[in-house]
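Please arrange chain B on chain A, whose structure you already have, making use of the hints.
In order, the protein sequence lines correspond to chains A and B.
Heads up, the first sequence is in the numbering used here, so the first residue is 1 and it goes up one at a time.
Heads up, the second sequence is in the numbering used here, so the first residue is 1 and it goes up one at a time.
One should not assume that every hint holds.
As the list claims (entries may be wrong) - Label pairs and their in silico Cβ distance ranges:
id, chain 1, residue 1, chain 2, residue 2, range
1, A, Arg235, B, Asp185, 45 to 51 Å
2, B, Arg234, A, Pro143, 35 to 41 Å
3, A, Ser86, B, Gly35, 56 to 62 Å
4, A, Leu94, B, Gly45, 41 to 47 Å
5, A, Thr231, B, Gly45, 36 to 42 Å
What the hints assert, rightly or not - Here's a subset of chain B near chain A, in silico, CB distances under 7 Å, partners left out:
id, residue
6, Tyr17
7, Ser71
8, Pro72
9, Pro76
10, Leu81
11, Val82
12, Glu86
13, Gly102
14, Tyr129
15, Arg130
Said to hold, decoys possible - A few chain B positions that, by computed beta-carbon distances, are all more than 12 Å from chain A:
id, residue
16, Asp6
17, Arg14
18, Gly57
19, Gly75
20, Ala93
21, Asn98
22, Arg217
Bear in mind the hints are in silico, worked out from the structure with no lab data behind them.
Being a predicted model, the structure only gives us computed values, none of them experimental.
Think of the CB as a built atom: it goes at the ideal place given N, C-alpha and C, for glycine as much as any other residue.
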Amino acid sequence: MRRALDVVLALAVLLGAWQLAASVAASAVLPPPAAVLRWIGAALVSGDLVAHVASSLLRVLHGLAVAALFAIPLAFLLAPAFRAGSALVTVLELLRPIPPIAWIPLAVLWFGVGDGAAVFIVAIAAFFPMFTATYAGLRAIPPIYLRVARNFGAAPLVLATEVLLPAIRAPLLAGLRIAVGVGWASVIAAEMIAARSGLGYAIQLDRIMLDFEGILGGMIAIGVIGFGSNTALARLASRADVPATGATGEASP
Amino acid sequence: MTPRADLVEVASLRVRYRKDADLVLDGIDLRLPAGTVGCVVGPSGCGKTTLIHAVAGFLRPESGSIRVAGSPVLGPSPDRLVLFQEFSLFPWATAQKNVEFGLRCLGVGREERRTRAREALARVGLDPYRHRFPRELSGGMQRRVALARAVVARPRLLLVDEPLTGLDPGLREDLQIMMRRLVRDAGITMLWVTHDLEEAAFISEHVFVLSGSPARRATRISVDLDGDRSLAIRESSSFTNLLRRLRAEVAPS
Chain A
1 MRRALDVVLA
11 LAVLLGAWQL
21 AASVAASAVL
31 PPPAAVLRWI
41 GAALVSGDLV
51 AHVASSLLRV
61 LHGLAVAALF
71 AIPLAFLLAP
81 AFRAGSALVT
91 VLELLRPIPP
101 IAWIPLAVLW
111 FGVGDGAAVF
121 IVAIAAFFPM
131 FTATYAGLRA
141 IPPIYLRVAR
151 NFGAAPLVLA
161 TEVLLPAIRA
171 PLLAGLRIAV
181 GVGWASVIAA
191 EMIAARSGLG
201 YAIQLDRIML
211 DFEGILGGMI
221 AIGVIGFGSN
231 TALARLASRA
241 DVPATGATGE
251 ASP
Chain B
1 MTPRADLVEV
11 ASLRVRYRKD
21 ADLVLDGIDL
31 RLPAGTVGCV
41 VGPSGCGKTT
51 LIHAVAGFLR
61 PESGSIRVAG
71 SPVLGPSPDR
81 LVLFQEFSLF
91 PWATAQKNVE
101 FGLRCLGVGR
111 EERRTRAREA
121 LARVGLDPYR
131 HRFPRELSGG
141 MQRRVALARA
151 VVARPRLLLV
161 DEPLTGLDPG
171 LREDLQIMMR
181 RLVRDAGITM
191 LWVTHDLEEA
201 AFISEHVFVL
211 SGSPARRATR
221 ISVDLDGDRS
231 LAIRESSSFT
241 NLLRRLRAEV
251 APS
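In isolation and in its complexed conformation, chain A is listed as follows (with noise of 0.2 Å):
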């Protein structure tokens, strides 16, 4: 309760705050908090800004489901393996550091623009971290587990079910918040280029139309999607706390 009340005082500071810059500002560079507030609520009962969300949140959810089609298995596939592993691993670090948003040049020659560039920029960007917690995860199950499994002849399917997935289920699902995190800042950086609906363009079509209230407004809608999803993944994954590894202090001398 304490805290619900810290946050609510902490957002009537920026409000306040904004309030100020924007009566100090011209109203067409900086509109107020109150205008903006008018035109997310004109926007929510058009139904434009519904229309927005939902089609942006399609394509995180599609990226998503490819980069974990090819992240999951590869890191299945890897992590017996050491040295292929390790050196895949290698390479996945070169391309790593080219941020998603350098993809999208490639991905509008590949795909035009529309769904399949934005689809393929969040899984670029959602493929590494699911592939590194996975890989990670499986590396690090404690060998006991795998030695119990081996002795009682678990075939892979089951040994894939009853053992790895759950001794590993903390880090994906640390790996898919990530995830989620990255690929909704891609879409809305892949959409102001490669797309002609979603949040990203909305926004960078408001742009053009010198609509500062727009602009706002779908910052706002940004702001508030992304912060959701994370807080719920987070809500899951410390409801999925059980720990993949660790007896009791006495369980083993």
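Structure of chain B alone, referenced to chain A:
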């Protein structure tokens, strides 16, 4: 009484961990009759654990042969289960799910799995705790879950590597009696590694004293005590004599 066949037959076993490393076992012979409990004792670092892992099929011997129930050991098998020295329960699964794991590997159906796991947990006195996670159980309870997980899968041979280290003496004795009773009831042969000579004398029909470094000999000493072991046996003169003989054998003056 007709002599029972030997379930475990180890002949001239030589093991080293790497090609250029020193031998850990150098020509060990050991035969354990079916349906009995054998204990391997010897100074620490004499290769006791190595012997267990070799019989389990986790290591390939350099030379010599290991046969269990007449078949050569070529790799791990659910027919030869190991109770590991370290904590080996899956921390993400409840006691019941842990016990079900082996049955899952053996392809036992869901209903039968559940019934047999509950029976096994009841036999180690843990039915009321079946929904607890390992970290919510004491060290002694964790060992009992691991025991139930192994016994429920009905192996021919149970290989036990110092399973009771770190427990206080009273608890150790309770578990020694429980383990002996459980494997005898199930008709499982048990090969048990320990450095505790009293434990060895109390639980086994045959004690194998490893000597030499690397271990070259496994001297077999038969234990001439009643099949049903109770704590009273520890006070008997035959137990004291046996212990004296074991001590002399382990540390020849």
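Next on the checklist: Could you work out which of the previously given hints the structure breaks and list their numbers from low to high?
Outcome noted: Failing hints, ascending: 3, 5, 6, 7, 8, 14, 15, 18, 19, 20 and 21.
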